[in-house]
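Turn these sequences into a full structure, and let the hints steer you where they fit.
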Amino acid sequence: KLLEHNTNNFLAAVHFEENTLGLAFLDISTGEFFVAQGNQEYADKLLQSLKPAEVIFQRNYQKQFKEWFGFKFYTYALDSWVFDEAYATESLLKHFQTHSLKGFGVDNMKMGLIAAGAILHYLKDTEHPNLQHITTLQRIE
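Anchor point for the sequence shown: position 136 equals 136 in the working numbering, and the numbering is continuous, going up by one each time.
Keep in mind the hints are simulated off the structure, nothing from the lab. Hints may be right or wrong, so weigh each one.
For each label pair, taking beta carbons as the anchor points, the in silico distance ranges come out as [what the hints assert, rightly or not]: (1) Thr126 x Lys51: 15 to 25 Å; (2) Glu141 x Ser100: 13 to 23 Å; (3) Gly70 x Gln97: 32 to 42 Å.
Subject to a maximum C-alpha distance of 25 Å in a straight line, what follows is the list of computed DSS-like cross-link-like pairs (lysine-lysine) [claimed, not checked]: (4) Lys51 x Lys63; (5) Lys110 x Lys51; (6) Lys63 x Lys110; (7) Lys110 x Lys66; (8) Lys110 x Lys94; (9) Lys45 x Lys72; (10) Lys51 x Lys72; (11) Lys63 x Lys45; (12) Lys110 x Lys124; (13) Lys45 x Lys66.
Values in this document were obtained by computation on a predicted structure and should not be read as measured data. Built from N, CA and C at the ideal position, the CB exists for glycine as well.
The structure is reproduced here in structure tokens:
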């Protein structure tokens with residue numbers, strides 16, 4: 001997709017776990033990186049308003065994603081091991097070169113952080129080497 005000027009061009013990740021969804025949104029051009037978590041309705045509102053160019057999620061949730069959010073998003077499914085809490089945390093700590101995510105005010109958002117870790121994995125997997133401009137992680141309330 002061509003990047004649109006003056007509008008954010010988000011890559012999103014959705015992490016499914018029981019009735020709570022973790023979400024992360026990254027604009028690779030500006031470095032804006034957000035995490036959120038909530039129920040299906042909240043997730044749908046965020047996806048509708050931020051209109052990500054692509055949404056990644058666990059491969060074993062393809063049917064549920066389509067049922068909950070329809071077919072309006074370009075999607076890419078990843079193996080479920082990518083959505084592991086320890087792996088996600090390690091990826092984020094390594095990326096931000098820190099020992100804790102507490103300073104970002106997101107340390108209690110486990111589901112959102114797992115989604116954020118999946119975004120970093122996906123970008124490394126698709127060979128996006130220049131991620132050093134992504135320096136913060138913010139929560140969406």
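The hints, checked one at a time:
no. : hint                        : verdict
1   : Thr126 x Lys51: 15 to 25 Å  : holds (21 Å)
2   : Glu141 x Ser100: 13 to 23 Å : holds (21 Å)
3   : Gly70 x Gln97: 32 to 42 Å   : holds (39 Å)
4   : Lys51 x Lys63               : holds (20 Å)
5   : Lys110 x Lys51              : holds (23 Å)
6   : Lys63 x Lys110              : holds (23 Å)
7   : Lys110 x Lys66              : holds (24 Å)
8   : Lys110 x Lys94              : holds (17 Å)
9   : Lys45 x Lys72               : holds (13 Å)
10  : Lys51 x Lys72               : holds (10 Å)
11  : Lys63 x Lys45               : holds (19 Å)
12  : Lys110 x Lys124             : holds (21 Å)
13  : Lys45 x Lys66               : holds (15 Å)
The structure agrees with every numbered hint stated previously.
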